[in-house]
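> Let the hints inform the model, and build the full structure from the sequences given.
Those sequence lines, one after another, are chains Z and H.
All residue numbers for the first sequence refer to the UniProt record's numbering, where the first residue is 1 and numbers rise by one.
All residue numbers for the second sequence refer to the UniProt record's numbering, where the first residue is 1 and numbers rise by one.
Just so you know, these hints were derived from the structure itself, not from any lab.
Any given hint might turn out to be false.
Stated by the list, open to error - Quick list of simulated restraints, FRET-style, between CB atoms:
| no. | chain 1 | residue 1 | chain 2 | residue 2 | range |
| --- | --- | --- | --- | --- | --- |
| 1 | Z | 10 | H | 302 | 26 to 36 Å |
| 2 | H | 260 | Z | 18 | 22 to 32 Å |
| 3 | H | 484 | Z | 160 | 38 to 48 Å |
| 4 | Z | 170 | H | 97 | 40 to 50 Å |
| 5 | Z | 167 | H | 752 | 55 to 65 Å |
Cβ coordinates follow ideal geometry from the N, Cα and C atoms, glycine included.
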Amino acid sequence: MPPPAPANDESHQLLLNELDIANLHKPFRNPHWKPSQRRNKNLKQIISESARKEASVLATQANSGATTPGASFPGSTNGAQTPAEGSDRTPNLAQAAQSLSTLVLEKNARAGHLSGPAVTYTNIESAPSLNPAHQRHYCDITGLSGPYTDPKTRLRYHNKEIFGVIRSLAQGVPESYLEARGAHTILK
Amino acid sequence: MTITSVQTLQPGHLAANSSERRVEKPVPEPYLVQDFPFKGYQPPQPDGFEQSKAHADTSAIVIDNGSHLVKAGWSFDKSPRFILPPVMSRYRDRKLGRQCHFIGYDAYVDATTRGQLRYAFDPGSSVVGNWDVMEGVLDYVFLKLGVDGSNGSVDRSILMTEPIANLSYPRKMMNEILFECYGAPSVTYGIDSLFAYRYNKGTDGLVVSSSHTSTHVIPVLDSKPLLNNCSRLNWGGLQSAEYLMKLMKLKYPTFPARMTENQMEDLVQKHCYVSQDYDRELGGYLEWTGLEDRDRIIQYPFTEHVVVEKTEEELARIAERKKESGRRLQEQAAKMRLEKLVKKEQELEYWKDLQQRLASETKKEIRRVLEAEDLKDEAHLERMIRDLEKSIKRSRNRDLGIEETEEQTEEMSFPLLDIPDEQLDENGLKEKRHQRLMKSNVEARARAKAEKERAKAEKEEEERLDREKRENDFESWIAERRNNRQALLQRIKDRDRLKADLGNRKSLASQMRMKTLANLASDGPKKRRRGGDDDDFGANDEDWGVYRSVAKDEQSDDEEEEDLGELLNGVEQELLQYDPEFTENHTLAAQSDWTKSLVHAFLRGPWPFDPESQREAHQLHLNVERIRVPEVVFKPSIAGVDQAGLIEIAADIVNQRFSSTQDRSRLLKDVFLTGGNTLFSGFEERFRNEIRGFLPVEAELRVRHAADPVLDAWKGAAQWASGSDFRKSSVTRQEYLEKGSEYIKEHDLGNASL
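So, in structure tokens, the structure goes:
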């Protein structure tokens with residue numbers, strides 16, 4: 001929808017001038033403050049940086065006896081991996097181990113180790129549901145109950161009318177329906 | 001590609017009474033979609049700063065740095081002075097040749113500023129990602145709070161909220177900005193939901209905070225948060241709005257207006273609610289009864305195409321004009337006919353006159369006259385007169401409106417045919433040939449007539465047999481009809497499928513077609529097998545079918561389509577008449593009626609849809625989404641989040657991480673809900689009912705809501721900043737310079753606790 005043209009250009013410009021804070025005097029700022037050019041990082045970057053740090057913390061925890069080293073930490077030497085590989089951990093490995101380690105940490109906590117590992121942004125993330133009752137299926141199109149699955153598109157559907165709709169969808173649309181449910185195929 | 005209703009098949013149980021569904025209620029007034037949230041100019045409030053001058057070392061600037069709204073004010077205020085979204089629009093105005101910064105709601109002022117909008121927080125998280133925007137927001141806050149910066153710094157302590165288990169990088173950056181850019185004397189960080197809990201006078205309990213970007217569960221005992229046992233679910237109001245946006249874009253792929261995140265957020269807040277029994281409510285959500293109340297219509301701005309509406313008068317005039325010209329044409333035609341008639345009558349008179357004259361003439365004279373008139377003989381003249389008479393009579397009849405009756409042609413006799421040729425002279429032979437022709441003509445006509453009669457009789461006979469069968473053996477008759485109908489439906493379906501398949505290059509139908517084409521192009525194996533060059537294509541009528549299967553355009557199928565529809569209509573009429581179980585509701589027309597369509601109810605609610613209307617094309621219908629979107633926090637798998645639901649998390653924390661029953665009961669006695677995402681109606685009740693199922697029978701459970709789930713965090717922070725704990729917990733500039741940016745002090749409401 002096109003934005004409504006300001007009724008009066010002049011008054012609108014006055015309003016803009018009033019709202020604009022770029023040229024206001026800001027005496028409370030340090031005039032010599034020069035922020036680093038590359039200070040903006042997204043969450044993924046920050047986490048992968050801190051994951052490296054975390055990994056070393058985790059390693060010491062794994063050796064502390066709170067958990068068995070082999071089960072809790074895939075990076076440690078357990079015969080299947082050469083020590084060289086184990087020590088040369090990539091952030092990818094750390095990521096892959098993350099959901100597993102979350103589960104393990106949670107299990108540790110349950111076992112009564114209240115003074116467990118340090119709290120980090122990533123390890124307070126809750127684990128996947130273990131309750132089978134929550135794995136109900138819903139129709140991807142309407143959101144109603146979805147007892148059937150179309151083998152071709154993998155979409156779940158409610159009844160045969162919806163099935164007709166699924167079969168009439170244009171190419172690529174079923175994939176975006178899957179994406180809303182997080183079940184789409186990701187090519188890497 | 002729009003979803004449209006494709007229902008053509010008849011699930012028997014769906015066939016409710018269609019007349020009942022026809023009872024229409026007027027379409028309710030739709031909800032208007034929200035405009036951009038521009039709030040007008042906010043004047044600065046310097047009185048707070050003046051007030052703080054009196055006790056500069058005990059007052060503090062309190063900022064609840066929320067990812068949805070930043071709230072800012074003084075520690076001695078009752079409520080935050082400024083509330084703004086953490087967004088900035090920064091661009092260079094080419095006309096004026098200068099930088100422009102618009103912060104918060106001001107950034108929504110016009111299309112240019114909206115186009116340059118940037119968010120401070122990394123999308124979908126509570127972590128600051130864009131520090132330029134964050135600085136802009138802080139500038140705005142300090143400006144509006146009237147900080148005069150007399151010694152080149154902010155010069156007041158700052159209390160700021162941060163997410164649970166904040167990462168070290170964002171904290172480092174925030175410290176850097178606050179200490180080095182703004183020169184704050186001391187800075188303290190705390191967790192928003194804990195401030196809210198403290199403000200609501202909680203000491204032992206389970207804090208459930210569902211906010212803009214995430215949902216946290218934090219157990220608190222003896223006023224101390226047990227962060228070791230807290231848990232985060234990556235779902236909040238922002239994700240809900242994004243999810244609704246996804247659903248709406250899929251539901252209305254060709255929606256003409258632009259849907260924005262702000263609008264979706266507004267819709268989630270206004271129309272969504274938490275269902276108490278999701279699966280049960282879902283089951284009947286699109287059912288006809290009560291759908292008027294469940295379906296919410298959202299109207300986007302639109303401009304109706306102006307259809308030039310002609311007035312009654314104009315229409316009448318046009319009709320009159322048409323009639324007039326018609327009449328004129330008719331008159332002309334009548335005049336022409338009359339002229340022709342007159343001419344013919346004159347001709348007739350002339351010929352009759354001639355005939356009479358000839359009667360008294362000699363043979364020779366007759367021949368002369370006839371030759372002059374280009375006639376062969378008297379018989380010819382007679383025939384001409386007869387023809388003219390007939391045509392005059394016919395046209396007279398037409399003018400007078402008399403039905404023409406086909407007069408029985410007198411029985412013709414062909415006497416010459418029986419006489420052998422030898423006995424005839426030249427004229428006779430000619431006449432015989434003529435008679436033979438006439439005879440075969442007459443005979444052919446008679447044959448055709450007989451054929452017609454026979455067909456008619458056959459049909460009558462068939463009908464009679466059919467009737468007999470119906471009367472004597474109704475069961476099998478009706479079964480036959482039903483089968484017939486099913487077969488027709490199947491054929492219609494097959495045809496539609498074939499049509500659809502031909503569009504797809506990879507479908508079986510297309511491949512068959514290509515095969516046929518290839519066979520035709522190369523000399524097919526069939527032909528070679530037969531041997532010889534003689535191509536008897538076309539000898540069999542079915543050969544021509546190949547063109548039908550090769551032709552791709554649907555035009556050739558149109559006649560057939562008509563046919564099938566007609567046939568089905570016929571069968572359905574009969575069934576309607578004789579089958580007691582077959583009612584109006586079972587016909588194909590009734591079955592494919594929009595009132596029966598689930599997809600229609602989903603897309604357009606219980607009202608008819610007019611695709612021409614711009615007003616209706618600019619409408620969104622919210623129905624299932626109203627409970628589907630808030631449900632995700634309880635069942636994250638709906639939206640593809642691979643985490644346990646809120647209830648499961650909370651129950652797990654209580655049941656699995658606390659071994660002492662005493663601790664458990666202390667937690668359960670005060671379950672505290674805060675954060676904007678808990679504002680859905682029914683949230684509290686649902687939480688209470690559902691967590692009950694995970695608890696022992698005797699467990700005492702009390703669930704309460706924050707007094708103000710959105711602002712209590714700021715209020716709690718301001719309250720705490722006025723107390724003595726605040727002084728002890730703040731990191732001074734000196735300490736920052738000595739100990740670095742990762743240094744924070746332990747306190748009961750922060751990320752580091754004793």
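> Compare the structure with each hint and give your call.
Right, here's what the structure says about each hint:
no.: 1; hint: Z:10 / H:302: 26 to 36 Å; result: 30 Å, holds
no.: 2; hint: H:260 / Z:18: 22 to 32 Å; result: 25 Å, holds
no.: 3; hint: H:484 / Z:160: 38 to 48 Å; result: 23 Å, violated
no.: 4; hint: Z:170 / H:97: 40 to 50 Å; result: 48 Å, holds
no.: 5; hint: Z:167 / H:752: 55 to 65 Å; result: 57 Å, holds
The earlier numbered hint that this structure contradicts is number 3, and it is the only one.
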